[in-house]
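Chain A is already provided as a structure; the job is to place chains B, C and D on it using the hints.
Number of protein chains: 4
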Amino acid sequence: MSNLYDQQTDATYERAGWGAAVTRGASPALVVIDLTRGFTDKSFPAGSDLTEVVQANIELMNAAHSRDIPVFITRIVYQESETLPGVTTWLTKATGMRGMLEGTEAVAMDPRLPIDPERDVVLEKKGASAFHGTPLAALLRARGVDTVLLTGATTSGCIRASAVDAVQDGFSVLVPQEAVGDRAEGPHEANLFDIQAKYGDVITVEDAIQYLDQS
Amino acid sequence: MSNLYDQQTDATYERAGWGAAVTRGASPALVVIDLTRGFTDKSFPAGSDLTEVVQANIELMNAAHSRDIPVFITRIVYQESETLPGVTTWLTKATGMRGMLEGTEAVAMDPRLPIDPERDVVLEKKGASAFHGTPLAALLRARGVDTVLLTGATTSGCIRASAVDAVQDGFSVLVPQEAVGDRAEGPHEANLFDIQAKYGDVITVEDAIQYLDQS
Amino acid sequence: MSNLYDQQTDATYERAGWGAAVTRGASPALVVIDLTRGFTDKSFPAGSDLTEVVQANIELMNAAHSRDIPVFITRIVYQESETLPGVTTWLTKATGMRGMLEGTEAVAMDPRLPIDPERDVVLEKKGASAFHGTPLAALLRARGVDTVLLTGATTSGCIRASAVDAVQDGFSVLVPQEAVGDRAEGPHEANLFDIQAKYGDVITVEDAIQYLDQS
Amino acid sequence: MSNLYDQQTDATYERAGWGAAVTRGASPALVVIDLTRGFTDKSFPAGSDLTEVVQANIELMNAAHSRDIPVFITRIVYQESETLPGVTTWLTKATGMRGMLEGTEAVAMDPRLPIDPERDVVLEKKGASAFHGTPLAALLRARGVDTVLLTGATTSGCIRASAVDAVQDGFSVLVPQEAVGDRAEGPHEANLFDIQAKYGDVITVEDAIQYLDQS
Numbered sequence: 009m010s011n012l013y014d015q016q017t018d019a020t021y022e023r024a025g026w027g028a029a030v031t032r033g034a035s036p037a038l039v040v041i042d043l044t045r046g047f048t049d050k051s052f053p054a055g056s057d058l059t060e061v062v063q064a065n066i067e068l069m070n071a072a073h074s075r076d077i078p079v080f081i082t083r084i085v086y087q088e089s090e091t092l093p094g095v096t097t098w099l100t101k102a103t104g105m106r107g108m109l110e111g112t113e114a115v116a117m118d119p120r121l122p123i124d125p126e127r128d129v130v131l132e133k134k135g136a137s138a139f140h141g142t143p144l145a146a147l148l149r150a151r152g153v154d155t156v157l158l159t160g161a162t163t164s165g166c167i168r169a170s171a172v173d174a175v176q177d178g179f180s181v182l183v184p185q186e187a188v189g190d191r192a193e194g195p196h197e198a199n200l201f202d203i204q205a206k207y208g209d210v211i212t213v214e215d216a217i218q219y220l221d222q223s
Numbered sequence: 009m010s011n012l013y014d015q016q017t018d019a020t021y022e023r024a025g026w027g028a029a030v031t032r033g034a035s036p037a038l039v040v041i042d043l044t045r046g047f048t049d050k051s052f053p054a055g056s057d058l059t060e061v062v063q064a065n066i067e068l069m070n071a072a073h074s075r076d077i078p079v080f081i082t083r084i085v086y087q088e089s090e091t092l093p094g095v096t097t098w099l100t101k102a103t104g105m106r107g108m109l110e111g112t113e114a115v116a117m118d119p120r121l122p123i124d125p126e127r128d129v130v131l132e133k134k135g136a137s138a139f140h141g142t143p144l145a146a147l148l149r150a151r152g153v154d155t156v157l158l159t160g161a162t163t164s165g166c167i168r169a170s171a172v173d174a175v176q177d178g179f180s181v182l183v184p185q186e187a188v189g190d191r192a193e194g195p196h197e198a199n200l201f202d203i204q205a206k207y208g209d210v211i212t213v214e215d216a217i218q219y220l221d222q223s
Numbered sequence: 009m010s011n012l013y014d015q016q017t018d019a020t021y022e023r024a025g026w027g028a029a030v031t032r033g034a035s036p037a038l039v040v041i042d043l044t045r046g047f048t049d050k051s052f053p054a055g056s057d058l059t060e061v062v063q064a065n066i067e068l069m070n071a072a073h074s075r076d077i078p079v080f081i082t083r084i085v086y087q088e089s090e091t092l093p094g095v096t097t098w099l100t101k102a103t104g105m106r107g108m109l110e111g112t113e114a115v116a117m118d119p120r121l122p123i124d125p126e127r128d129v130v131l132e133k134k135g136a137s138a139f140h141g142t143p144l145a146a147l148l149r150a151r152g153v154d155t156v157l158l159t160g161a162t163t164s165g166c167i168r169a170s171a172v173d174a175v176q177d178g179f180s181v182l183v184p185q186e187a188v189g190d191r192a193e194g195p196h197e198a199n200l201f202d203i204q205a206k207y208g209d210v211i212t213v214e215d216a217i218q219y220l221d222q223s
Numbered sequence: 009m010s011n012l013y014d015q016q017t018d019a020t021y022e023r024a025g026w027g028a029a030v031t032r033g034a035s036p037a038l039v040v041i042d043l044t045r046g047f048t049d050k051s052f053p054a055g056s057d058l059t060e061v062v063q064a065n066i067e068l069m070n071a072a073h074s075r076d077i078p079v080f081i082t083r084i085v086y087q088e089s090e091t092l093p094g095v096t097t098w099l100t101k102a103t104g105m106r107g108m109l110e111g112t113e114a115v116a117m118d119p120r121l122p123i124d125p126e127r128d129v130v131l132e133k134k135g136a137s138a139f140h141g142t143p144l145a146a147l148l149r150a151r152g153v154d155t156v157l158l159t160g161a162t163t164s165g166c167i168r169a170s171a172v173d174a175v176q177d178g179f180s181v182l183v184p185q186e187a188v189g190d191r192a193e194g195p196h197e198a199n200l201f202d203i204q205a206k207y208g209d210v211i212t213v214e215d216a217i218q219y220l221d222q223s
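Chains as they are written, first to last, in the working numbering: chain A, 9 to 223; chain B, 9 to 223; chain C, 9 to 223; chain D, 9 to 223.
Calculated from the structure, these hints are not laboratory results. A portion of the hints provided could be inaccurate.
One copy or two, either will do: identical chains are not told apart, so a pair holds if it fits within one copy or between any two.
[What the hints assert, rightly or not] Straight-line Cα separation of at most 20 angstroms, EDC-like style, residue types lysine to aspartate or glutamate; simulated pairs:
id : residue 1 : residue 2
1  : Lys50     : Asp209
2  : Lys50     : Glu60
3  : Lys50     : Glu113
4  : Lys50     : Glu193
5  : Lys50     : Glu214
6  : Lys50     : Glu22
7  : Lys50     : Asp18
So that you can see chain A by itself, here it is in the shape it has in the complex (with noise of 0.2 angstroms):
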């Protein structure tokens, strides 16, 4: 499955039933997530230099709009209100996102990014996940989706927080490995493996393509 962890992981994970394939289904939609600067621009504490995801991202969205595949995008946004001591308890122990405040440039969105706003649809959300607390599953299921390509940062924390909350939610999950990032390889690595092995298949941006042109 991987050469992440030693061959009795391997057969251990084999024989628990892990990292079958998911179905693709005939109904995608792209999810990108938390490509604001913040994230992606390694001037921000909490940011580190994407500028590759952020190229396979723009492949992928515009590959989505030139099919007429849904396109949803989220980004982390407080109020000042929410960040002040025991309002949102994440931020407790995620001090750093703190700094995702409504209104300044952590928040925006990467300039290089293609949105078109007269289709796709912005989400805010207070957590790592791109389910919890928004209306992505009903926005999905509204549309008829039955497949995710979840994209963005970070691996280690939204990507596979969204993949296990798309799955539970009732859809296939998909994560094109180069369009998703993380300011640290290790748990960038650690996070795919477990994302392969039980939420989502980690694929290529060129497999997406080719799988979306079918859809």
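Below, chains B, C and D without anything else, positioned relative to chain A:
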């Protein structure tokens, strides 16, 4: 924060604002996740020998019971109709979970656990998270719980997924490390790292019991 | 829209843009809500004689089964530990629901219903909505369902709550009126009015079966 | 319980165990629902003159602010892309809600409300319930809230839906009746009846303020 990854990762995480301590509230609950025989007994395909984890859970459950701290217990259980192709999306990827069938030994609670049927609530779940598609968050709120101790199996699957949901649902998360187990060491360590950095505090059982004493 | 209220109400609702017809999708499911003996048998405190409602549900379930349309069935069931004071918030208000105890006759499915255990999925719930704290939305999405027919009891409680959640979760809602019942006529009528105005189409069983024929 | 329906209904409801009083907890919050100009100003199609309701909300918000009780405010807001056919299921039925567009006067908060931007949290929602697809339950839990006072508009839509979700999410529900309004009297009364019977206590504003004084 850990020596799982390199110093560069630690520096990156410190800059990004990960790893702060959670607030330990005055009203904890113990959530024991998926300690059914299909997970704790190595004779089952998805199981492994979790004897030490079960011992730590016995200690924590006894501590909770003696202090009148609420205990919630989850287990994965499917009706046969839920395991038919296309009915439960996760089972396409997680083929091993199809064996968690109602009425079989695989879904029986580990008989060593001191469950108190008069007080403990046992919840059935269909996915990785103890919160998703269950009334757990509502039950915790009804009891006034502010802090959850998450224990059980597996660290890289249901514990991780539950930790993410717990903090998103507004609960402080503590994970007593001897009380969570996994069938493979690599993913166990990688997910403890992620939990400690982003979602909850990874602590010792001794620390957990001292905390329960003060609640 | 109705003659339950006065002409002024109708004019106000028309101006406000309520009461348009839903989109009937190509992929329906039947969701049969709380037709347990505690609701359908008047010898139980919260029950009433729902014989005609049960008959309409038999007709709809047979129609669904013969067309291979998915059937989901819900029932309210509590463990005794969930009925202790302060554990399930709803039971403080809804004291009558405390009698819906696991293992008792009150929570047994009405024996007249043609449940097919090989295909139908039976879900337990703890509140009014068939969706809240259950995996129902995920199961519907996994099957590609776009439209739900909601039937069962009671119109003013669990049907209304489920209709609101269904449309919020992205499903078109149809309520075949002979197939929903209530212990009291006033709230039954008032809630059919609200559902028709705001959440789904109140239709006849005959219309529902014609729709299933075309799906 | 009420004289909206006949004595038979009252007897039936008493036998069924409806209408008990909720537990008033030590930690309340005020949730002000959808008092935007599109609802409170009769010049908007879905609006009506809610001057008295707004006055009652001003009184309650001031009472909450002066006692440091958390205030959460919701409003329905859609991006244009969310109002396209088939994107938000509810808007097919609720055509009037399509006018609740981001950046328009219809979604501006009623200017008479004493919102405190430094403390109050304003949440956007896409459906009837203040809880569905929003982080409200998590925010309430983080603040230790056990009891919600639900106010605003409309009684038969968003208040009713929010009352059902609040109790399902584990919160005691109080509805101060002068502080909730509707564009039509019949549905207003019918839904107060249902809420009082099944989900929360319908009380006076005076009683609500006395309760806040004791918290």
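task: First find the shortest C-alpha distance between Lys50 and Glu60 inside one copy, then the shortest across copies, and answer within, between, both or neither for a cut-off of 20 angstroms.
output: within (13 angstroms within a copy, 43 angstroms between copies)
Copy assignment of Lys50 with Glu193, given that the CA separation must stay at most 20 angstroms: within (15 angstroms within a copy, 33 angstroms between copies)
query: Are the CA atoms of Lys50 and Asp18 at most 20 angstroms apart within a copy, between copies, both, or neither?
result: Result: close only across copies, 16 angstroms inter versus 35 angstroms intra.
- prompt: Given a CA cutoff of 20 angstroms, do Lys50 and Glu113 count as a within-copy pair, a between-copy pair, both, or neither?
  reply: Within one copy, since 13 angstroms is at most 20 angstroms while 38 angstroms is not.
message: At most 20 angstroms between CA atoms: does that hold for Lys50 and Glu22 within a copy, between copies, both, or neither?
response: between (39 angstroms within a copy, 14 angstroms between copies)
- prompt: Is it within a copy, between copies, both, or neither that the alpha carbon of Lys50 lies no farther than 20 angstroms from that of Glu214?
  reply: Classified as neither; 27 angstroms inside a copy, 40 angstroms across copies.
- prompt: Taking 20 angstroms as the upper bound on the Cα-Cα distance, should Lys50 and Asp209 be classified as within, between, both, or neither?
  reply: Neither: 29 angstroms inside a copy, 27 angstroms across copies.
When each numbered hint is compared with the structure, violations occur for hints 1, 5.
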